[in-house]
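So the chains spell out like this:
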Amino acid sequence: MSTTTREQPPKSALRTRGFGQYADRLFTGFLILAGASVLAILSAMVIRTVYDAYPVFVYQGFFDFIFGTEWQAGFARNEFTGTYGAWPFIWGTLVTASIAVVIALPLAICVSLFITFYAPKRARTLLSYSVEILAAVPSIIFGLWGLLWFVPNVLHPFSNWLNSTLGFIPLFGGSVPNTNYFHAGVVLAIMILPIITAITREVMAATPPDEVSAAYGLGATKSEVLSRVVLPRSFGGIVGATMLGLGRALGETIAVLMLIGGSQRAGYRLFFAGDSLAAHIAATFQDASPETLTALMGVGVVLFLLTMVVNVVARLIVWRFARSASAGDAL
Amino acid sequence: MTESTTSSSSSPTGHTSLTVQDGNARRRKRKNAVTRAVLTFLMALAAVPLVLILVEVVREGAGVISWEFLTQRESPPAREGGGYAAGFVGTGIMMLMAIGIAVPLGLAAAIYLVDYGKGAFSTLIRFVTDVMTGIPSVFIGLAVYAILVLGTGQVISFGGFTGAVAIAIVMLPIVVRSSEEVLKTVSTDMRRGAFALGARKWQTTTRVVLPAAAPGLTTSIMLAVARGTGETAPLILTAFGNVNIVTDFFNTAIGAVPLQIYNGARQPFAPGIERAWGGALSLLVIVLVLTVIARYIGSRASKAHRV
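Just so you know, the sequences run in chain order A and B. Each residue of the first sequence is one higher than the last, beginning at 512 in the numbering used here. Each residue of the second sequence is one higher than the last, beginning at 5 in the numbering used here.
So here's chain B without its partners, still in its complex pose (with noise of 0.2 Å):
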């Protein structure tokens, strides 16, 4: 093995080795060492948020969770003990709601970009529809909080059929996108078999494209369910937050895990803070379990497609 790049170059024959490394090669590959070592650095560094968090939540929401904390409503913030009842109950009322509107609504328009759309019309809609994912939620509160409040002059007032409107209305455009993508995965073999089987094009639609895309629409379903039950920002314009458990859907101001969290987490008292936290344990455990599993009910319907 020859080390500098002169004797390699004068080699009697004029042959040079292929693991003599001459001009810059070293150069290049300590940058290469380098850049290795840098990448490695830095994804171990984004990791650290994802951990810290996760840790931070478990272990002050941990010693909060109780069957105390699940039944019963929030004490006066200053005084410990009591739950997030309200919160529980208000968020459970208005994600059913929401999920009642949005589901239906954004997999019919799912359905109707893949299979029924043609042309400029449906490639407006599936356009709208991904740059609806990017409006700030806020903006959905207060527009939802203008038109169904404002706009029945008060008839329908803060509560929670303003907050699941506001929800669903983020949950929209996630159901309608993941939806289509996951319908688009249904072979068109299926379609043509029904039809030759006689089947009209919404009997194949219904009995056919739909069941073969069940586990996959479960995970999009999942996935936007997931998203809105941490949903923060469009409650405080439509819901209002209360901390008493509320069944009047239309005209009284309903909690919600959230804006419980965010309410506990701005006090200066100890006991409304752990509150929060386990609060913020709860939800976190609903969505990660929610997301976690949809995900894996996702990856084991493409595997079956792909068959």
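Bound conformation, chain A alone (with noise of 0.2 Å):
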């Protein structure tokens, strides 16, 4: 009936009248700056670091400055006098995040597996609970904990003994001080332990319940549900997450500020005392000369451009695996 002649509703008389046709468009407007304001926070720190590191990159050559093994900090003012070298600490970041990594990995895979499938509901949520609050321990006092009661107490005998009984091969050869790279990387893997694990437990929790359930239908044992269904179907996932791991323990500053040991050497034994990218900047900065900051701040986009590698790629693969998954929090 009325269906072919609608009359048009009549225009709110809010809706035009005063402050208030603006406020929607304002309130967006603001949220868009907020929004923006993260895109552009991460360019103005990205472009005043790499402004500010330009002339050491100049001074000493972009890859020369990456593969340097010599790092002399000069004193000038305005011109460079030193040598700049910073392979030292990015080889002693490397080292001490792969040991970490190495360490972290096995043990997080275990530790989900286990919450996930083997632990009693009850004592589920409370070891989930336990993994999160490890997280949430700030790095200072593992770093304080590892220097006066965690390296003293557990490590040092352990590395003392490895030494001992396996000196003869280089890696574990040579003097064992209280610091050194697999020291900081010890205390890295109990750092990073918690942020892998909570993202592979999201991970492993996805498993589609039905192909768990066929297999078991299959006769297979739980071992076998494990190994043949759960981990392949997880793989990408924690592939992600201990990227994401390894990001964190890339740039992870005072814990291995405190147990890295601190020459400006590179070492390829074990417990050579090294220091690393962010280490090192947090060492130096305090006594720095303007030239030798300069250099600190080519350091600082060193580390920012091997981080940020580490941790896209990261994201990419936890983003395609574990979308739904709200993996920000553990972090």
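Hints were generated in silico from the structure; no laboratory data involved. Predicted model, so just to flag it, every value in this text is computed and none were measured. Every residue, glycine too, gets a C-beta built ideally from N, C-alpha and C. Take these hints with a grain of salt, some might be off.
[What the hints assert, rightly or not] Calculated cross-link-like contacts (lysine-lysine; reagent style BS3-like; alpha-carbon spacing at most 25 Å): (1) B:Lys122 x B:Lys188; (2) B:Lys33 x A:Lys733; (3) A:Lys632 x A:Lys733; (4) B:Lys35 x A:Lys632; (5) B:Lys122 x B:Lys205; (6) A:Lys632 x B:Lys205.
[Stated by the list, open to error] Stretch by stretch, here's where chain B covers chain A in the computed footprint (C-beta under 8 Å, at least three residues): (7) 643-650; (8) 657-671; (9) 785-795.
[As the list claims (entries may be wrong)] Under 7 Å between C-beta atoms, here's a sample of chain A residues computed to sit facing chain B: (10) Tyr533; (11) Asp535; (12) Phe538; (13) Thr539; (14) Gly546; (15) Ser548; (16) Leu550; (17) Met556; (18) Arg559; (19) Cys621; (20) Val622; (21) Lys733; (22) Thr764; (23) Ile765; (24) Leu814; (25) Leu817.
Please assemble the complex out of the two chains, which come individually in their own frames, going by the hints.
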């Protein structure tokens, strides 16, 4: 009847009156600005550090800066007098992070499997809760605990034993100082364990239950279900989680700073007291001369590039495999 | 129950009982038991560090915490007594400022991502925010130093403001991403209901969506605060540390609890180390209390939403 000749409803009196008509647009504009500020902050940080580091890259050459093994800080105000090669720090960063991942990854996979498939329901929440709590402990406390309790009481005796029994292998040979790559790496492993575990657990919990039941139906034992169904299914997510842990380990500062040693050389032994990118920045910043400060900016840029590559790849993988998982919570 | 595989397969009827284990069943069963044992053992092993840290920090720190520790400034490293008041004040000031910067900005960005953003731009923001959680905090400290201190020609120097900006940048992506997850759980029906009553979009957001998500948002903010409170590395480059109580935010180096722990731990003097343990215990209590309360509110909130 009235479908053809419907009257236009009267325009809302409120809709066009006063300030109200602009409110929505203003609000939206404010939100867009807030969203864009994230991009602005990141690009400002990158641009400014690259700008400040540029002179040292020119002076030393970008690749000489990265692969140079000599770090001799100068003390000039307006010129470069030292030699700046960041390789010892890059090497230390890579070595400690690798040690951390090698230790933490198998442990994290096993913990996730246990929590998801073996633990009784009540214990499950408690266990995952305590893993999350471990993630919340500030890194300065890991550093303090590592330096004053864990290394002297547990790790150093173990390293000494390793050194005396396997010392004929160059990797384990030499002296065992109190702080070294290995000690920093082990504490890093403890720190990244909860991050890898949290995401791995989410991914494993997302294994299609049908496939698990089907495997049981075919007579598989629990260990077979885990190794043939759950692990292959969550492989991608585990890779992503590992890389997130790796990214964290590469960028960790304080705990590493307190446990790595702080010499400005690269060593090819496990028990070498070296230095990492992040630790070197924090350790020398307060005494840095203007020229060294520029070089530290260069170290910062290298650290940023290294962690960004790992992080971007990790995020892409995790986004693909665990999109719904609120993995960000654990970070 | 036949035990051997040969006798079961030579049953006269050709029928094999289900309870019979033939072939490699025993080996598989044994492997299953081994897997179970290994996983249980490793779970226990992974739980050990958490227990060790908590026990050790409490054991060493409990004796140090006193009224004096909370209210007095630190005495020279080798001397007994004094406390972390400078650190508590500094951390408090910087956290308040950091919250003031990071929370409104982070919440607004999260609202944008959930209700307003569309297409590639919001995906880009979401991705960049995710990636930002992985930026080393020491790089953030370095960059904030470069922008604020070098960039202003030292008009703004080391101190509370510079430190607070660094902590805010650490907190920002955490606030954005976890708030986004929370806001997503607010049901679309509530938004529709608000629209149906004639509310504008901004009214819907501020009067309906935000209150509904409030408990969850509290959780995300508290988690970010817990994270920010414990940050040390960026403060070395921005706040610079001070054992005096500082109330000037812009141009005086300011103390923070993590910085005082760091300085105390490196000293060869027993009193300084003791105070560091005390500082560690107080920091741990602050951070864990925030985290646990946040998780508790969060779990209640997510239950409420599910109804």
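Each hint, compared with the structure:
Among the hinted pairs, Lys122 of chain B with Lys188 of chain B is consistent with the structure: their alpha-carbon atoms are about 14 Å apart, no more than 25 Å. Distance restraint check for Lys33 of chain B and Lys733 of chain A: the Cα-Cα separation of roughly 9 Å lies within the 25 Å cut-off, and the hinted pair is therefore satisfied. Our distance criterion of 25 Å between C-alpha atoms is met by Lys632 of chain A and Lys733 of chain A, whose separation comes to about 17 Å. The straight-line distance between the Cα atoms of Lys35 of chain B and Lys632 of chain A is roughly 24 Å, inside the 25 Å bound, and the hint therefore holds.
Proximity of Lys122 of chain B to Lys205 of chain B is assessed by CA-CA distance (about 15 Å); at most 25 Å being required, the pair is judged to hold. Pair hint Lys632 of chain A plus Lys205 of chain B does not hold up; C-alpha atoms about 43 Å apart against a cutoff of 25 Å. Chain B is given as covering the stretch 643-650 of chain A, and this holds because 7 residues of the stretch bring a CB closer than 8 Å to a CB of that chain, at least three being needed. Coverage of the stretch 657-671 of chain A by chain B holds. Counting CB-CB distances below 8 Å, 4 residues qualify, and the rule asks for three or more.
Three residues within the 8 Å Cβ limit are the bar, and the stretch 785-795 of chain A against chain B gives 3, so the coverage statement holds. For Tyr533 of chain A, the shortest C-beta to C-beta distance to chain B is roughly 10 Å, which exceeds 7 Å, and the interface hint is violated. Taking 7 Å as the C-beta contact cut-off toward chain B, the hint placing Asp535 of chain A at the interface holds, the least distance being around 5 Å. Satisfaction of the interface hint for Phe538 of chain A is found here, the shortest Cβ-Cβ separation to chain B being roughly 4 Å, below the 7 Å cut-off.
A hinted interface residue such as Thr539 of chain A counts as satisfied when its beta carbon comes closer than 7 Å to some beta carbon of chain B; here the least separation is about 6 Å, so the hint holds. For Gly546 of chain A, the suggested interface contact is upheld, since its CB lies about 4 Å from the closest CB of chain B, less than 7 Å. At about 6 Å, the closest approach between the beta carbon of Ser548 of chain A and any beta carbon in chain B falls short of 7 Å, and the interface hint on this residue holds. Contact between Leu550 of chain A and chain B, as hinted, is supported at the beta carbon level, the nearest pair being about 6 Å apart and thus within 7 Å.
Proximity of Met556 of chain A to chain B holds as hinted, the smallest CB-CB distance being about 4 Å (cut-off 7 Å). Against a cut-off of 7 Å between C-beta atoms, the interface hint on Arg559 of chain A holds, since the closest Cβ of chain B lies about 5 Å away. Annotation: interface hint on Cys621 of chain A holds; nearest CB of chain B at approximately 4 Å, less than 7 Å. A distance limit of 7 Å between C-beta atoms decides the matter here; for Val622 of chain A the minimum to chain B is near 5 Å, and the interface restraint holds.
Look at Lys733 of chain A: its Cβ gets to within about 6 Å of chain B, closer than 7 Å, so that hint holds up. The interface hint given for Thr764 of chain A holds, since its Cβ lies 4 Å from the closest Cβ of chain B, which is under the 7 Å cut-off. Checking Ile765 of chain A against chain B: minimum C-beta separation of about 4 Å stays under 7 Å; hint holds. Of the supplied interface hints, the one on Leu814 of chain A holds, with its beta-carbon coming within about 6 Å of a beta-carbon of chain B, less than 7 Å.
For Leu817 of chain A, the interface hint is violated, the least distance from its beta-carbon to any beta-carbon of chain B being 9 Å, above 7 Å.
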